[in-house]
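Chains as they are written, first to last, in my numbering: chain R, 1 to 298; chain G, 1 to 437.
What the hints contain is simulated information worked out from the structure, not anything from laboratory work. Careful: at least some of the hints might be erroneous.
[Unchecked claim] Capping the alpha-carbon separation at 30 Å, the derived lysine-lysine pairs in DSBU-like fashion look like this: (1) R/K158 <-> R/K64; (2) G/K102 <-> R/K111; (3) R/K64 <-> G/K113; (4) R/K64 <-> G/K172; (5) G/K316 <-> R/K60; (6) R/K94 <-> G/K285; (7) R/K64 <-> R/K94; (8) G/K186 <-> R/K94; (9) G/K188 <-> R/K111; (10) R/K74 <-> G/K285; (11) G/K407 <-> G/K115; (12) R/K60 <-> G/K188; (13) R/K119 <-> G/K285; (14) G/K102 <-> G/K219; (15) G/K102 <-> R/K119; (16) G/K96 <-> G/K58; (17) R/K64 <-> G/K412; (18) G/K316 <-> R/K73; (19) R/K119 <-> G/K172.
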Amino acid sequence: MMALSCLTRALRSLTFSQPALLSSQAIAQTRLGTRGPRTVEQRRGLLTTACLEQNRTLWKQREKYTTNPIGMKKTGGRDHSGRIRTHGIGGGHKQKYRWIDFQRLRYEPNKEAQPFEEKVVEVRYDPCRSADIAMVAGGSRKRWIIATENMQVGDVIKTSGVIGNMAVSANEGDAYPLGALPVGTLVNNLEIQPGKGSEYIRAAGTSGILLRKVNGTVILQLPSKQQVQVLETCMVTVGRVSNIDHNKRIIGKAGRNRWLGIRPSSGLWQRKGGWAGRKIKPLPPMKVYVNLPSISAK
Amino acid sequence: MFPEAAQCLKTAAPFFPKTASLKDLRRLCSHGGAGHVQASRHFGVSRPLTAKVLPPHKPRERVEIPGLEMVTYGERMHFVPGLSKPVNPRWERDYKDPRYYKAPPAHEMALFKEKPCFVYNQRTSALGGLRQALWLTKTKLIPGLPPQLLSLTESPANQIPDQDERVQNAIKHARFWDTTEERPGKEKYSNTLLFNLLHLCATLQSRHPAIGRRILSEKYSLAATWKRGEDLFQIRGQNGFLHNCMDPLPEVSGKEEVGYTAEHVLETLYPVSPTIDLQQVHVYKEQLNCTGFRGDYPYPHAHTLYFLDGADARYKLQPEQFRAKMLMFAFGNALVRAHTIYGTQPQPVLDRPITVQAIGTNGRIFQFLVLQLNTTDLSGDDGIKNQVWLDENVELYDFAKVRPLIKKKQVKVPAGLTGYKPEVFSKFLALYLHGAV
């Protein structure tokens with residue numbers, strides 16, 4: 001008996017929740033008209049939250065530059081769906097992110113287009129990368145940059161965007177456009193497109209070599225011996241990146257790898273395919289990042 | 001009852017909206033059964049309940065073309081695919097409610113100015129340290145306190161009876177006895193130590209009645225403005241304790257020495273600019289000068305400022321930056337006094353230089369500073385400079401340990417107070433008595 005009354009009540013209440021066929025006006029009427037003291041209020045199915053995404057990446061949405069370390073959220077190799085996309089990442093010591101300014105030729109708001117100098121205030125270890133970082137101060141701003149090999153506190157480093165006729169005798173740590181440097185210099189923090197910020201040669205101890213200059217472009221050798229052609233206005237810093245003995249360190253124990261956030265690889269024995277083993281191949285062709293005018297346009 | 005009801009409902013499932021799952025139905029059943037009305041929010045009913053969450057795509061950018069009116073579905077009162085979303089005018093409350101006040105952006109404020117002003121406040125940690133403060137205040141640094149100050153405490157009339165013992169008791173009280181826990185924290189003991197030492201110095205009032213013409217004040221807001229080069233600088237903030245006096249302090253160095261400062265060249269901070277780490281503001285009052293007290297205050301002259309290093313745990317300063325802060329605030333007090341006496345026009349030489357003292361401590365290490373303001377003409381780098389005598393990093397005692405430091409079964413540092421240096425307190429007393437003797 002009780003079950004039947006329950007069922008009928010439920011069925012009655014459920015008949016109200018037929019969503020898509022009624023127009024909103026009719027629904028408003030039914031809501032106002034049939035609203036008794038004890039009826040269950042029915043609503044259309046609405047998405048009542050605007051954004052269902054978690055705040056995983058909100059820590060890196062800051063717009064204003066700051067030198068203060070920013071707290072990081074570790075992903076554990078998981079992507080937005082929650083599944084592992086990259087194996088072997090997880091755990092490790094907590095790290096704070098120091099926002100590095102990779103665009104070396106960034107002028108201060110009032111002083112555009114003039115070469116400027118900056119003083120190195122501090123050189124320290126960065127948990128987020130293999131190289132050391134340096135806090136440099138120039139004018140009325142401070143920023144973090146990747147430190148080069150022999151950078152000490154108190155050094156003055158120069159940044160210039162001017163390409164002269166003669167090649168500049170560059171000191172280590174200075175930043176110049178590629179066209180202003182002599183052939184054969186060791187460089188790091190390479191920009192592929194002028195003004196974008198450096199994306200190549202940033203790891204500890206690495207350096208690229210300027211091979212030759214060809215009318216408006218320059219050919220460099222990256223640390224992987226791959227050759228690359230870029231515009232000569234791309235900025236680059238001179239010297240090797242700091243922490244040159246990084247590749248000679250000995251991890252020593254499994255625990256140290258875990259402190260670095262590296263999880264053990266799968267223990268399942270897997271037959272090695274064609275990818276394994278030593279390969280001796282010719283160098284890949286030179287990668288050109290310059291839009292040269294096509295010969296066919298006549 | 002429920003499983004049967006659920007079974008009946010399951011057989012009738014095709015008649016119900018697709019996604020109302022068993023859980024939802026059970027919820028609705030129980031609500032109906034209880035007769036209890038509670039509106040239940042249920043999220044998207046037109047999709048499967050478990051799915052991969054795609055990253056949220058950014059909404060399409062709304063392009064405003066002047067002259068073209070957007071056709072919206074606002075009039076139709078319901079969504080129509082193809083028409084744009086109506087934009088309603090921004091609703092403003094017609095009465096003023098202080099809980100929901102939104103400040104206008106900086107460029108709409110009444111006091112907005114194009115030229116920025118650089119403000120030094122009590123939280124500023126200047127990168128250049130003392131050198132930056134010296135450049136900003138156009139001051140020459142003289143290491144060590146002036147000799148006539150140090151000679152004040154040499155005569156026995158200016159010494160407290162049982163001075164050493166009483167000072168050591170004061171230190172022990174601040175470091176050991178002033179707590180119910182094992183040891184007092186740094187903010188607490190530095191505060192207690194300062195007040196104990198001040199109390200000791202004040203016992204000399206019977207011999208020097210001029211000490212009674214002073215008052216100690218704290219949490220006063222200082223504001224001073226000056227021009228240096230082409231930039232406008234301001235000091236603002238509540239910095240520490242201030243000893244105010246009815247009479248001004250006598251000047252420390254004579255007119256000759258003041259004249260010699262004109263040859264001194266200020267250290268430049270190149271490539272760092274002296275405005276680094278200062279707060280840049282575009283909304284400010286020009287010519288803002290405020291001592292922190294009203295015009296008819298009976299103790300108008302600033303005598304000594306006391307700074308505590310560990311006061312605010314959020315803004316810890318390195319020793320160099322701490323000294324810079326001491327210098328800047330002492331300078332601020334002196335400058336405001338000069339502006340009230342001589343007016344806001346820059347004066348190349350003041351007839352009576354204004355002297356202000358400052359003492360900073362972290363509970364053990366003291367910094368003594370005496371500033372003499374000789375000029376308010378700070379725009380150029382040449383001309384007469386102000387002078388500052390600085391005695392830095394003097395330790396009142398070496399260790400004050402609750403438990404002894406034992407290494408390899410040998411006592412390296414015994415418990416209690418060790419390494420007390422009496423001359424530091426005599427400097428403290430000399431600065432206190434300056435002007436009253």
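Consistency of the hints with the structure:
About 24 Å separates the Cα atoms of R/K158 and R/K64, which keeps this hinted pair within 30 Å; it holds. Between G/K102 and R/K111 the alpha-carbon distance is near 34 Å, which puts this suggested pair outside the 30 Å criterion. This hinted pair checks out: R/K64 and G/K113 have alpha carbons roughly 22 Å apart, not beyond 30 Å. Between R/K64 and G/K172, the direct Cα distance comes to roughly 48 Å. Violation of the 30 Å bound is thereby established for this hinted pair.
For a cut-off of 30 Å, the pair hint linking G/K316 to R/K60 stands: about 26 Å separates their Cα positions. Using a Cα cut-off of 30 Å, the hinted pair R/K94 and G/K285 is violated, with the two alpha carbons roughly 45 Å apart. Taken as a hint, the R/K64 and R/K94 pair is honoured in the structure, with Cα atoms around 24 Å apart against an allowance of 30 Å. Our distance criterion of 30 Å between C-alpha atoms is met by G/K186 and R/K94, whose separation comes to about 28 Å.
Of the supplied pair hints, the one linking G/K188 and R/K111 is violated, its CA atoms being roughly 47 Å apart against a limit of 30 Å. A C-alpha spacing of about 46 Å is found between R/K74 and G/K285, which places the hinted pair above 30 Å, so the restraint is violated. Note on G/K407 and G/K115: the hinted pairing is violated, with a Cα-Cα distance of about 60 Å set against a maximum of 30 Å. A distance of roughly 38 Å separates the Cα atoms of R/K60 and G/K188; the hinted pair therefore is violated under the 30 Å criterion.
With a CA separation close to 34 Å, the supplied pair R/K119 and G/K285 exceeds the 30 Å bound. Between G/K102 and G/K219, the direct Cα distance comes to roughly 28 Å. Compliance with the 30 Å bound is thereby established for this hinted pair. Between the alpha carbons of G/K102 and R/K119 the distance comes to roughly 41 Å, so the proposed pair goes past 30 Å and is violated. As the CA atoms of G/K96 and G/K58 are separated by approximately 36 Å, the hinted pair breaks the 30 Å bound.
The hinted pair formed by R/K64 and G/K412 fails the criterion: a straight-line CA distance of about 50 Å is larger than 30 Å. Between G/K316 and R/K73 the CA atoms are separated by roughly 26 Å; this keeps the pair inside 30 Å, and the hint holds. Simply put, R/K119 and G/K172 have alpha-carbon atoms about 45 Å apart, too far for the 30 Å limit, and the pair is violated.
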